[in-house]
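K.L.:
Here is how the chains run, residue by residue.
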Amino acid sequence: MRMEFVLEIARVVLYVVGILAFVGFNASYLVLLERKGSARFQLRHGPTEVGPFGLIQPVADAVKLLCKQILIPKNVDVILFFMAPILVLLPAILCMVTIPFGATIAARNFNLGLLMVFAFAAFNVFGILIGGWASHNKYANLAAARVVAQNIAYEIPTLLIVVAVVMVTGTFNLQEIVAQQAGGFWRWNILRLDLNPLQPVAFLMYFICLLAETNRAPFDMVEAESELVAGAYTEYSGMTFGVFFMAEYTNIVLGCCVATVLFLGGWQCPFGLVPGPHWFLLKMYALCFTVIWVRWSFPRVQFYNLLNLSWKILIPVSLANIILTALMLKVF
Amino acid sequence: MSLDVQNLDRETFVVNLGPQHPATHGVLRIKLTMDGEYIVDAEPVLGYIHRMHEKMGENRSYAKFLPNMGRMDYVAALFNSHGYVAAVERLAGITVPERAEFIRVITCELNRVASHLLWLGAYLIDLGGFTPMLYAFDDREMILDLLEAVTGARLTFCYFRFGGVANDVDENFVSGTRVFVARMRSRMPMYEAFVSKNIIFRKRCEGIGVISAETCRRYGATGPVIRGSGVAYDVRKAEPYSAYPRFQFNVAVSDLCDNMGRYRVRVDEIVESLRIIEQAIDQLPGGPVMAEKVPRSLKPPKGDCYFNVESARGSFGVRVVSDATENAYRLKLRSPCLSNLHLFRECSRGMLLPDALAMLGSLDLVIPDIDR
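Chains as they are written, first to last, in my numbering: chain A, 1 to 332; chain B, 1001 to 1372.
Just chain A, same shape as in the assembly:
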């Protein structure tokens, strides 16, 4: 009994440290990947000075951010002002608890894992809204208002797409969803055309929603630097901004993790050979790279076109997707 208790404590500590390390590593090195990647897209070299190929650059960035003074402008609501970055980062870290990185590597194997991910992921918008409001800055207020409209518009199609997937899998348990996709890439949910011929379209829509939910270009209304200076982050400096930045990348990683689990077979190998966490990370980082790639290839959409895309295209199509899935399940 006592032995089990000690082991459980050790397991919890291990996973807490592990997840925090994973989040921290991704936030810093995805920034480097973004800088290196965007440099390559733009005929530049990116960071080269710090370490070989600029590999130590994230450390230098972190030290710089930590050393910077945190300015608190006049008239800000100090408590909310400092709560906002934490409110953005914390739910994203919590969501990581349920992500199955391998057959046995998951902090908690919930039956309602998927539900928990989306429940916490919805918190993201609160943080930005509070930050934008507490900043007492017109640009930040405008950006916060935009973010709320944007997140409401994209939360709906995301959930509708996920519901269709859950109808196919019949479970909210992420481990089980991955286990069902064993055997080869034709068994992955993205290619289960026998269950729902719209499955690749659903994946594409999920990816668009992922970009919009994480406020990434071309849907980066929250920052929109050529319109709203730095949007909701205008008044944030030093590490308070750094935490927002970390949260952005953590949300990208989280979104890509969920996409990998739901559509790309999680830790399953495409050819049924040696399944394991390496496959999960490979698929997840490929998606992350695509997110970065999209950012440096497209201009920003107008706000009303962003909302039009969701309300006029994504929501009707995802509703049709649900009906089609239901019919397919009933008929076949």
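The reader is advised that the hints may include incorrect statements.
What the hints assert, rightly or not - With a Cα cut of at most 25 Å, we get these calculated DSS-like pairs of lysine-lysine:
id : chain 1 : residue 1 : chain 2 : residue 2
1  : B       : K1064     : B       : K1302
2  : B       : K1055     : B       : K1299
3  : B       : K1197     : A       : K312
4  : A       : K312      : B       : K1203
5  : B       : K1064     : B       : K1293
6  : B       : K1031     : A       : K74
7  : A       : K138      : B       : K1031
Said to hold, decoys possible - Far from chain A by the CB rule (all over 12 Å, computed), these chain B residues:
id : residue
8  : M1056
9  : D1170
10 : E1171
11 : N1172
12 : V1251
13 : E1326
Hint data in this document are derived by calculation from the structure and do not stem from the laboratory. Here a beta-carbon is modelled for each residue, glycine too, at the ideal position from N, C-alpha and C.
Given chain A, put chain B in place with the hints provided.
P.N.:
Coordinates of chain B only, in the frame set by chain A:
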């Protein structure tokens, strides 16, 4: 998407766009009265970089004032000096050698291509796309290298002199220009494929920021702004100057009247400028590049002269009044950006902020040119 601002009875608020703001490309300040994201009124506030160039032109000699002209519209500096030099030459009755006129046309057109490339990059940044700027700057770099070799400067050129140009061009410049023209032609399909056909870019340009030809005329807008509204007004054709009448080229016009129209005009103008450069390089005559007997201290006879050139941004005019002394009695500079800016107030009413900023970017403003 637009709002009826005439019958608005809701509460509005004021946003200061600038003087430091990423979208204003300098120290332009626009006082925006907004209803949510809709613009109710946009009042441009000028004067943050005013340097009294006109007054400076009146209290120093003609030659001493010449370098100032590169500091006005520094993105297309050669056009400014061309206008000033040509105005003074007409006043003083100096005839410029043929070779010098050809060199002026070649360097000016290179400058126009460089200016439009810079605009292309900056405009895409206004729309939130960062990558095309680096490609545009890659091409612009070749022009700057060519111009640096003959003028000695990369941005604020002071190359033209009263009676010709400062240095003759060499064989390297001629061959380098040929290489550039060929390269730029091969790059144009890339810009068309990745920028012009991009769905988000088109959504942000087509039908957005419509400016009618009538509005352009009322505010005195010139250059790509009025040509993007379907009026084929180009000083190079309307009042031909320098060696331009010798070359075959079309005036790029678009009937679209929107951001896309102005974008198309500038992209087409790059192609037309390449045509002019190629012809001028092929026909480049020999001979001197400076007129003989231009006095060191110029004292043009009493008179009044207005000279207009087609700058990259529109019609740039210089009026010089001489009282037969070393200094001009009066100098008046007509900058295209000032007129192009002021239609923003009328046209942006009822627009959404991102669309209005996209339109502001499409006007291609250079703030030191507005303030002088």
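K.L.:
Output the indices of the hints that this structure fails to meet, ascending.
P.N.:
none
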